[in-house]
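Novice: In case you want the letters, here they are:
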Amino acid sequence: MAVRLGELARHVGAQLLGDPECLIERVDTIQDATGGAICFLANPKYRKHLAHTRASAVILAAGDRDACPVNALVCDNPYLSYARISGLLYPRPRHPAGIHPSAVVAQSARIDDGVWIGPCAVLGEGVRIGAGSYIGPGCVIERDSRIGAGSRLVANVVVCSGSVIGERALLHPGVVIGSDGFGLANDGGGWVKVPQLGGVVIGDDVEIGANTTIDRGALRDTRIESGVKLDNQIQIAHNVRIGRDTAIAGCVGIAGSTTIGSNCTLGGGVGVVGHLELGDNTHFSAQTLVTRSFPEPGYYSGNFPALPNGEWKKATVRTRQLDEMARRLRRLERRLLELESVRHGDDDT
Amino acid sequence: MAVRLGELARHVGAQLLGDPECLIERVDTIQDATGGAICFLANPKYRKHLAHTRASAVILAAGDRDACPVNALVCDNPYLSYARISGLLYPRPRHPAGIHPSAVVAQSARIDDGVWIGPCAVLGEGVRIGAGSYIGPGCVIERDSRIGAGSRLVANVVVCSGSVIGERALLHPGVVIGSDGFGLANDGGGWVKVPQLGGVVIGDDVEIGANTTIDRGALRDTRIESGVKLDNQIQIAHNVRIGRDTAIAGCVGIAGSTTIGSNCTLGGGVGVVGHLELGDNTHFSAQTLVTRSFPEPGYYSGNFPALPNGEWKKATVRTRQLDEMARRLRRLERRLLELESVRHGDDDT
Amino acid sequence: MAVRLGELARHVGAQLLGDPECLIERVDTIQDATGGAICFLANPKYRKHLAHTRASAVILAAGDRDACPVNALVCDNPYLSYARISGLLYPRPRHPAGIHPSAVVAQSARIDDGVWIGPCAVLGEGVRIGAGSYIGPGCVIERDSRIGAGSRLVANVVVCSGSVIGERALLHPGVVIGSDGFGLANDGGGWVKVPQLGGVVIGDDVEIGANTTIDRGALRDTRIESGVKLDNQIQIAHNVRIGRDTAIAGCVGIAGSTTIGSNCTLGGGVGVVGHLELGDNTHFSAQTLVTRSFPEPGYYSGNFPALPNGEWKKATVRTRQLDEMARRLRRLERRLLELESVRHGDDDT
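Top line first, the protein sequences correspond to chains A, B and C. Residues in the first sequence are numbered consecutively from 0, following numbering that gives the first Met the number 0. Residues in the second sequence are numbered consecutively from 0, following numbering that gives the first Met the number 0. Residues in the third sequence are numbered consecutively from 0, following numbering that gives the first Met the number 0.
No lab work stands behind these hints, which were simulated from the structure alone. Watch out, some of these pointers could steer you wrong.
No copy labels: a pair is met if it fits in one copy or bridges any two.
Taking lysine-lysine pairs in the BS3-like style, the calculated list, with each CA pair at most 27 Å apart, reads [to be verified]:
(1) Lys-44 with Lys-192
(2) Lys-313 with Lys-192
(3) Lys-312 with Lys-44
(4) Lys-312 with Lys-192
(5) Lys-313 with Lys-47
(6) Lys-312 with Lys-47
Model, not experiment: these values are computed from the prediction.
Modelling step: build the complete structure from the supplied sequences, incorporating the hints.
Specialist: Right, dumping it as structure tokens:
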């Protein structure tokens with residue numbers, strides 16, 4: 000697929016400097032690009048490569064236009080324009096329509112037009128798959144679940160009974176939707192299982208990374224709103240709610256009944272305990288443990304970054320002595336005050 | 000399924016206030032329940048909904064009975080009674096018996112009565128499946144593994160060769176049992192694999208969450224005792240032992256040869272290093288790193304919860320200065336003592 | 000399989016004390032071993048079992064030879080010798096060659112000699128599988144991926160399109176290779192997906208634990224060099240590079256574009272943020288968060304280990320007061336200096 004540079008400029012609303020007829024066939028990095036490729040310059044660290052780039056065109060901000068030796072698309076957010084141009088040049092792979100003979104599809108399942116059901120996929124009774132969706136090899140969709148139009152379940156995804164997934168979903172391999180929440184009542188040491196009767200409801204345009212798990216609700220539903228983006232290996236417990244366009248990095252765990260607002264970001268490895276409320280536009284840095292609600296927008300942290308082992312040992316030993324240090328500090332203050340008052344008394348005499 | 004309230008009261012040993020003939024058909028939350036539903040009141044946060052509930056009955060403690068506008072089941076532990084009543088109203092789904100034609104079952108596999116082997120499931124030579132069990136779509140059970148009666152492997156579960164799982168197990172999608180432990184011997188930089196020759200032995204009534212992994216032992220077995228409950232995305236390394244009725248929340252990692260006692264709880268994201276002993280009734284809060292044995296019952300923590308970013312920066316910078324601060328504190332104490340003794344000397348003169 | 004002790008001694012270059020004709024058929028622990036078994040003594044904690052061992056032979060260091068009541072193999076690194084002897088006695092399981100009738104293999108896939116394709120495995124167009132490899136049940140290998148000779152994909156492994164895996168790979172159940180990286184450009188709150196166009200390239204002799212995920216690169220490839228060993232539940236983001244013979248324990252997360260050197264070790268639960276460089280021979284202890292580059296060899300840490308809850312509460316409260324404590328300390332120093340100078344003035348007078 001090749002697109003004229005002028006068309007790309009119109010597609011992203013950028014100012015074109017150079018030849019609008021130049022054919023662009025692919026994207027590449029600024030340092031590796033050759034003829035036919037378009038690249039972008041967003042991170043100043045890469046500015047040193049601009050003078051030598053062999054790309055056919057560079058997407059960049061106004062401040063870099065004069066230093067660009069080739070065609071340029073000038074815009075406010077080069078990375079965003081790059082994402083859009085790349086999306087145009089590399090559309091989602093097309094797929095055939097039909098049901099592979101090795102797939103097992105229940106009679107009452109309703110499959111809309113243009114859907115592909117891959118080898119060894121299994122669809123239960125009452126399942127509905129929206130038009131144009133792709134259900135990859137080894138996916139299991141249990142009874143009464145619904146997948147919206149234009150969705151893609153790559154491979155070995157499991158969607159448990161009664162889950163609802165919106166349009167244009169992208170679920171990577173190993174995703175599990177609608178497994179039982181971890182609901183247990185203690186009975187003198189042993190545990191009695193609390194049946195998990197809610198579902199999972201996922202909006203439109205949600206992407207879910209490889210091996211991420213989202214549990215079904217206990218009584219009402221676990222809810223993931225439209226535009227949410229989840230990375231790999233994330234655990235989302237029962238009755239969690241995640242607001243629109245929130246993005247969560249890999250290895251995050253969110254405990255039961257916590258509500259996360261819209262437009263939030265959670266860094267990798269963040270843990271959020273249960274029954275909290277994190278407001279819209281709250282942001283948490285990597286490996287932070289969140290133990291109380293943060294209703295206000297802001298940036299929150301709670302980790303202790305790596306140090307050389309010797310420094311770290313001193314810091315942890317001292318941390319354990321902190322309470323004692325604080326008490327010694329207070330005693331010193333009292334004694335000093337006494338000395339000073341005596342001294343002051345001396346001065347007075 | 001509908002059950003008379005009087006029967007539910009007897010089932011959980013609760014005192015019934017109201018109409019024993021009232022038919023209960025479902026459970027719901029106290030705020031959403033309508034006629035035919037039973038709900039519970041355990042968390043004081045929800046007490047405000049009691050006066051307005053439209054449930055047919057509420058399970059509650061004696062202190063709340065007078066404020067209840069509808070039928071009540073009075074008991075000591077409303078959440079436990081709710082779990083039992085919900086379990087009665089919503090039994091595990093029934094399943095047919097038989098082997099789906101797309102399943103691949105080795106000739107020497109022994110399948111007891113009432114078992115269902117789902118589409119595209121694969122059972123190796125010498126596998127034994129106990130009566131009434133459900134092996135869901137895409138599950139792989141390698142040779143010589145045994146699954147006890149009444150168990151349910153939901154979908155895409157993998158049980159590696161020679162694993163032993165007890166009765167009434169519930170394994171959620173993506174669980175892996177019996178993968179090789181991480182056993183390596185260093186040979187001047189490179190690694191020589193140590194064959195993992197032990198197995199995994201799991202007791203009765205164990206629930207294992209989605210995408211949780213349990214490695215086989217190196218020489219002897221990894222052991223999970225009866226009644227253990229594991230949430231999603233947990234990693235259990237080779238030769239770990241977990242005692243009866245211990246419950247572990249999501250994203251926990253337990254390193255090799257560690258022993259965890261009975262009736263313990265580990266919060267989400269806890270990490271336990273290898274070769275430790277955690278005694279019975281030890282409890283660890285979320286994201287705690289456990290680096291030494293804790294043989295005594297108790298509650299242990301080790302995390303630093305989230306702060307607004309500015310406060311956090313100050314705290315981490317200061318933590319690195321702690322050793323210097325401690326030394327300055329000691330110098331101050333010495334100097335002050337000297338001043339005081341001089342002062343004392345002044346007084347004496 | 001039984002091997003003479005003399006042959007085992009030669010195999011590992013150990014000094015044999017005892018009967019070279021003694022037949023060894025299995026390995027076991029020093030405390031459980033009986034006739035026919037060989038065991039090893041590496042950890043001094045187990046030395047107490049040496050006098051009573053019923054093993055046919057013990058692999059041990061020179062310092063323990065005199066205390067050994069049975070045949071001994073004396074060498075510098077008993078654990079390494081044990082690994083090699085165990086590997087000889089327990090070779091990788093043999094497998095038949097062929098394609099199970101329930102597997103779905105695209106016409107253009109090229110399968111070399113001695114390969115087994117298991118039940119319900121799915122291989123896309125252009126896939127190549129090297130000689131003697133084993134593709135277990137439920138594995139999905141998307142189009143144009145290549146697996147080197149002598150590799151083993153245990154079960155339910157997913158290899159996304161265009162991934163390249165070297166020889167003698169061992170991929171445990173639930174591994175996902177080549178899923179999309181988490182690439183998003185923000186557009187006024189919403190997210191635009193950045194197509195993930197790179198691949199994953201994995202060297203020879205790489206082992207990857209159950210449910211570990213490795214994302215494909217954004218523009219260029221994610222690269223795992225030969226001899227790398229990855230435990231379970233690890234997340235490796237797009238464009239990460241991991242150098243030769245580095246070993247990473249379970250539950251680690253590595254963010255995008257980070258480079259890790261050769262011969263490194265990362266403890267369980269370590270998190271590494273994006274765009275960092277960790278040099279060769281860097282080592283990170285469990286649950287450490289790495290937020291800056293460490294180019295120099297060394298041992299780095301950043302966690303705060305578990306304490307009894309009461310001690311932990313004091314430490315965390317005090318940590319939040321640290322900045323205030325530091326300021327009070329400085330004030331004390333100033334005031335004391337003033338007092339001392341006054342005192343000094345007194346002395347002078």
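Novice: Against each hint, give a clear statement of whether it holds in the structure.
Specialist: Against the structure, the hints come out as follows:
no.	hint	in the structure
1	Lys-44 with Lys-192	between (54 Å within a copy, 23 Å between copies)
2	Lys-313 with Lys-192	neither (45 Å within a copy, 36 Å between copies)
3	Lys-312 with Lys-44	between (35 Å within a copy, 25 Å between copies)
4	Lys-312 with Lys-192	neither (43 Å within a copy, 32 Å between copies)
5	Lys-313 with Lys-47	neither (41 Å within a copy, 35 Å between copies)
6	Lys-312 with Lys-47	neither (40 Å within a copy, 32 Å between copies)
In summary, the structure is inconsistent with hints 2, 4, 5 and 6 from the numbered list given earlier, while agreeing with the others.
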